Every structure is written in structure tokens, then in C-alpha cells.
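**Student:** Sequence:
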Amino acid sequence: MSIDTNNSTITITEKAAIAVQEMFAEKNLEGYSLRVFANSGGCNCSGPQYGMAFENNQNPNDAVFSQFGIDLVVDDISADILSGAVIDYINDETGAGFKIDNPSDAPSSCGCGGSCG
Numbered sequence: 001m002s003i004d005t006n007n008s009t010i011t012i013t014e015k016a017a018i019a020v021q022e023m024f025a026e027k028n029l030e031g032y033s034l035r036v037f038a039n040s041g042g043c044n045c046s047g048p049q050y051g052m053a054f055e056n057n058q059n060p061n062d063a064v065f066s067q068f069g070i071d072l073v074v075d076d077i078s079a080d081i082l083s084g085a086v087i088d089y090i091n092d093e094t095g096a097g098f099k100i101d102n103p104s105d106a107p108s109s110c111g112c113g114g115s116c117g
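Taking our numbering, I'd label the letters of the sequence shown as residues 1 to 117.
Bear in mind the hints are in silico, worked out from the structure with no lab data behind them. Just so it is clear, the structure is predicted and the values come from calculations on it, not from any experiment. Don't be surprised by glycine CBs; every beta carbon is placed ideally from N, CA and C. One or more hints might be untrue.
Distance ranges between label pairs, derived from CB positions [unchecked claim]:
# : residue 1 : residue 2 : range
1 : GLY31     : GLY95     : 25 to 31 Å
2 : SER83     : LYS27     : 28 to 34 Å
3 : PRO60     : THR94     : 22 to 28 Å
4 : GLU22     : THR94     : 18 to 24 Å
5 : THR94     : ASN59     : 33 to 39 Å
6 : ASP76     : ALA96     : 20 to 26 Å
In silico lysine to aspartate or glutamate, EDC-like type, Cα no more than 20 Å apart, as pairs [unchecked claim]:
#  : residue 1 : residue 2
7  : LYS15     : ASP80
8  : LYS15     : GLU26
9  : LYS15     : ASP76
10 : LYS99     : GLU14
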């Protein structure tokens, strides 16, 4: 397990961290972390698929990024895909939920033979 509090490749906004802390408190999950994961998906056009889960068990190869009182736990493959990503929490007229903005999502070409643009 590596802990990186200064040079994290993944960032959580304060608003998102507060939302996670509220969920932990509501579900009585003291000592838990937020696992963030990604896979590359099948088509470059669709970009990576992201997910998040409450985590109380870390693997030896996980990276841990601590921000705003939240530990983000990321496996080594997801860390590469999520490099530079920002996790935010949106609550507006369309609804509420987490949003992962990843600047490296922009596809340069499509491997499925279709058009990305």
C-alpha cells in the first residue's frame, strides 16, 4: 500500500468529500475508504467505465490518496486510467450524484471501426 498525500494523480473536491463523509456517517461506516476503479471498456469512443464503492479492505498494490479527510483507494491499473481525474459531487435540478472528470478520456481514434465524432 502506498500513500500519497501531496502528489495525488486523482483529486476529490471538497464538496464530493463531504458527500462521501455524510454517506459513511449515514451507513455507520467508520474507518472506510472510497475505492475508485476504472476499466478501459470495449470501444475507445465510449471511453473508460468508472465505478466507486465503500471499502474497508485494501490490497498490497493499492494506492491511497488522502484528501479532505477521505482516503481514495485505487488499484494500480485504475490509477493509470484515472491519472489526472477529478471526482466531484453535483446536486442541481437534474439530480444529484458523483461525476468523474478525466481529461485523458478524449479518444484519439476508434478501434471499433466507427466514428468517434
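**Student:** For each hint, tell me whether it holds in the structure or not.
**Tutor:** Hints and how they fare:
1. Distance hint check: the CB atoms of GLY31 and GLY95 are about 29 Å apart, consistent with the given range 25 to 31 Å.
2. The hint said 28 to 34 Å for the Cβ distance between SER83 and LYS27, and at roughly 29 Å that hint holds.
3. The hinted range of 22 to 28 Å is not satisfied by PRO60 and THR94, whose Cβ atoms lie roughly 40 Å apart.
4. Here the CB-CB span from GLU22 to THR94 is close to 20 Å, well matched to the stated 18 to 24 Å.
5. The given range of 33 to 39 Å is respected by THR94 and ASN59, whose C-beta atoms sit roughly 35 Å from each other.
6. Checked against the given bound of 20 to 26 Å, the beta carbons of ASP76 and ALA96, roughly 31 Å apart, lie outside it.
7. Between LYS15 and ASP80 the CA atoms are separated by roughly 24 Å; this puts the pair beyond 20 Å, and the hint is violated.
8. For the given pair, LYS15 sits about 17 Å from GLU26 by alpha-carbon distance, which is consistent with the 20 Å threshold.
9. Between LYS15 and ASP76, the direct Cα distance comes to roughly 26 Å. Violation of the 20 Å bound is thereby established for this hinted pair.
10. Among the hinted pairs, LYS99 with GLU14 is consistent with the structure: their alpha-carbon atoms are about 13 Å apart, no more than 20 Å.
Of the numbered hints stated above, those contradicted by the structure are hints 3, 6, 7 and 9, listed in ascending order.
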